[in-house]
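Protein chains in written order, with our numbering: chain A, 183 to 521; chain B, 62 to 155.
FYI, nobody ran anything at the bench for these hints, they're computed from the structure. As the structure is a computational prediction, the values presented were derived from the model and not from experiment. There could be a bad hint or two in this list.
Which bits of chain A does chain B cover? Going by a derived footprint, with three or more residues having C-beta under 8 Å, they are [to be verified]: (1) 386 to 399; (2) 480 to 492.
Chain B is faced by these chain A residues, among others (derived, beta-carbon under 8 Å) [unchecked claim]: (3) G301; (4) L305; (5) T306; (6) F308; (7) C370; (8) P459; (9) A464.
Note that the Cβ used here is the ideal one computed from N, Cα and C, for glycine as well.
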Amino acid sequence: MHRAEHVHVLRVEGNEAFEFVDALFARELYLQDGQLLHGLILREDATVLADTYVARDEDAFVLFAEGSHDLLASFETRLDAHPCNATVTSLRETHDVISLHGPYAWELLADFVGPEVIGLPYLTFFHDEHWSCYRAGKTGEFGYTLVIDREHTDALVQQLRALGKPYDLTDVDLPTLDMCALESWFYCIRFSGLASLSPLELQLQWRTSRRKTDFVGAEALAQRRRTSWPQLTMVRSDSAVSVDDRISFEGQPIGRVAHAAWSPTASTWLSLALLHPTWACAGIDAYTAAGVPLQTLTPPPLRNRSLFINPQRHSYHTRSDDEFPSICPFEPAADSTTA
Amino acid sequence: MTVRATIAARQAVLAQVRAILIDDLKVRREPDEIDPDTAIFGSGLGLDSVDAVELLVSLESKLGVRPPDEAHSRVAMRTVNTLVDLVLQLRDCE
């Protein structure tokens, strides 16, 4: 469980709410009521301002955004510059956000809400009397974000903790979730080495639409597309590497390390390497970063347990009876003492 | 296999997988818009369980490969690149 203080939750309403959100969102906003869409809000230079889910709540839109410290101010500035019939309010003034993660998060939620929540499709949501539940997450298949009327937060959290005891429910901090994101190949806007990159380099083109030409950053993105672009590639190493370490092959520079961290689950160093497109390829063990041998991987580097969980057949309470593939597909690093 | 040969082999299969996704599964993207590590189902390219069956059929008919079991399918069909891994792995076994 995590108290998601870092997530902006903004509600956009009005006759032109769609137009306002659409002008910011880098992909086409095809959404039905009750659905979410994962996308990006870019800056004018096509770098990422906010990692965003957009939910359609009848005629309104709810944005869950990570990244920019003052997104509400950015939106208000935009409304001043481009007036339209839309209002933007921050739900953080009246609500709290709690997220639940883990391969059996669905089971805890079912104990809390009822078994029907097991059937809640990914990227959909529903409302309860004092809270709403959105199924989306960056740690695996079963991540849920609860937006709770502040008056009821303490009681709800207390209830979740009580129900969570048989599930070994644990509070986790943001760096832990960010490590899960790295291990599961989810984009994390807090990795500072990625700040200068556009969706092209980040392998996030699926969150943009080439057919859509009228959104913030569209022109710069189109400009970047005119030439080849380096590509973010997952890499592992037995020894530590650092952000901005130069990556070489046969003595020639082919890229740089954009993010690096020790994975306690995998017992290895995991890094995001920005490689020239000629050399951006999984399955290569001939590159080095500051003399450290690297192995490029097909992400995600870990076999997320949630991929193998079937709520119809599995339960946290009987997990010792189940056999799953090992989470870590490779041997622990020989140099694990450097962690 | 040299690094260059490995990369060339992988790029060739990647091109074939992209073509299957666009031509058979009707993914509305240009080939270079389909990043290699994009998820195929759900978020990502947005395919569903019905598409999964069609994808398996196309992999077998056009590339001559079939995942050996369900567990392999689940991992192999996670992203475009995991499909490429599967094709290369099964071809190596032949």
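Any hints this thing doesn't respect? Which numbers, in order? Violated: hints 3, 5, 6, 7 and 8.
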